[in-house]
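Working from the sequences, and respecting the hints, build out all of it.
2 protein chains.
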Amino acid sequence: MSLSYAILGLLSYRPMTGYSLKEVFDNSISHFWHAHLSQIYRELSRMEENGLVASEVQQREGRPDRKVYQITSRGEENLQSWLVSFPQKLVMSYNDEFLLRLYFGGRIGRDEILFQMTKYRKETESRLNHFQSLYRVIEDFSKKAGGPEDRLYWELTLDLGVQLLRANLEWIERALEKIKSGDDPLKKSPG
Amino acid sequence: MSLSYAILGLLSYRPMTGYSLKEVFDNSISHFWHAHLSQIYRELSRMEENGLVASEVQQREGRPDRKVYQITSRGEENLQSWLVSFPQKLVMSYNDEFLLRLYFGGRIGRDEILFQMTKYRKETESRLNHFQSLYRVIEDFSKKAGGPEDRLYWELTLDLGVQLLRANLEWIERALEKIKSGDDPLKKSPG
DNA sequence: GAATTCATGTAACTTGTTACATGATTTA
DNA sequence: TAAATCATGTAACAAGTTACATGAATTC
Chain A
43 MSLSYAILGL LSYRPMTGYS LKEVFDNSIS HFWHAHLSQI YRELSRMEEN
93 GLVASEVQQR EGRPDRKVYQ ITSRGEENLQ SWLVSFPQKL VMSYNDEFLL
143 RLYFGGRIGR DEILFQMTKY RKETESRLNH FQSLYRVIED FSKKAGGPED
193 RLYWELTLDL GVQLLRANLE WIERALEKIK SGDDPLKKSP G
Chain B
43 MSLSYAILGL LSYRPMTGYS LKEVFDNSIS HFWHAHLSQI YRELSRMEEN
93 GLVASEVQQR EGRPDRKVYQ ITSRGEENLQ SWLVSFPQKL VMSYNDEFLL
143 RLYFGGRIGR DEILFQMTKY RKETESRLNH FQSLYRVIED FSKKAGGPED
193 RLYWELTLDL GVQLLRANLE WIERALEKIK SGDDPLKKSP G
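Those protein sequence lines, which keep their order, are chains A and B.
Those letters in the first sequence? Residues 43 to 233, by the working numbering.
Those letters in the second sequence? Residues 43 to 233, by the working numbering.
For identical chains, the list gives no copy identity; a pair is met inside one copy or between any two copies.
Within a straight-line C-alpha distance of at most 20 Å, the following computed DMTMM-like cross-link-like pairs (lysine to aspartate or glutamate) qualify:
(1) K109 to E85
(2) K185 to E65
(3) K222 to E191
(4) K220 to E191
(5) K222 to D192
(6) K222 to D201
(7) K220 to D201
(8) K64 to D182
(9) K109 to E65
(10) K220 to E197
Don't read these hints as lab results, they were simulated from the structure.
Now the structure itself:
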């Protein structure tokens, strides 16, 4: 289960609560990994049972208690051995609901498709904007934790996220034109 | 659950067994949707309970029985209303184990990263080759089922799959160079 | 003779998703 | 004063994964 390695890796930079782990997931690795808060809490409990992490409850006046998790030496070993083992099977389970609809586009009207595609473009654009703002987050974070080596790899993964979104947007433009030109009665039956 | 819509959509072209549905998943929509055979069987049972599909057992001499599923009118309605409803939340759960390792690349040696990246490139290349062979599958299939409209959309989804893989490969080349040049002691501290 | 394909599923388990429950502090 | 943020989780269910079980026909 890769989620536990994602958690171990992030805890290897600094101890964190489940809540703050979720923030890092959303801000720093959302371009290639997503997890729900409830998943993170469940996984942390399991990992503590297995001795991969250890928790300490911090009581603070007024504000609610925080349960701060840190990686154990066993957790470090676990992480390390995972990092150097290239997966036998590359899991690439890319299930895309929008593409599933588009595949069956022949079953609905072109206007509906154009409408959905335009919405999809808007969403993709805002995701691209979000990703581009993450370079700043990496810069800030590399000053606090990790070294210049870490920063190289953080930026590389983000580069891919940005490039894939750009390729996606280029495809959207071409697809819109293809669909529109198919809609043009002059081009449908020439002569 | 989008799996049931994928099944309904495919059954709307022609009746199929669970086994042949799996083949279509792997050959025709694998670039944006993946499902295990056991998932398909489970989902078909559930859908039959809900009246979205109906099955008929065909007995054949010598060979094992086949359970052929077809879409019901209720299933058609179900599919149609899903197709015209743009999702409130675009599910983009893209979890990539390779990128997760790369993100933590600072924790392992550069040689290991280069080794894994090279393997990743090889896998990505073979996926691209597979995708490119699917245009032929679409061509063949559009002669048997569906019309020219369907073919446009089938090709569009495949176009995206191909373009994303190409963008991925371009990124790999650049990433390899960046990692290698960071490894070069001459570039590390000039002078 | 061994492996692959066709064809059906069940069982056990892990992961992902959504809703619920609680409650203080801060910001709009 | 309403909403958002911080902070913890549980419960219930849906979806994804892997292993097991069966057995004929075909291909290597």
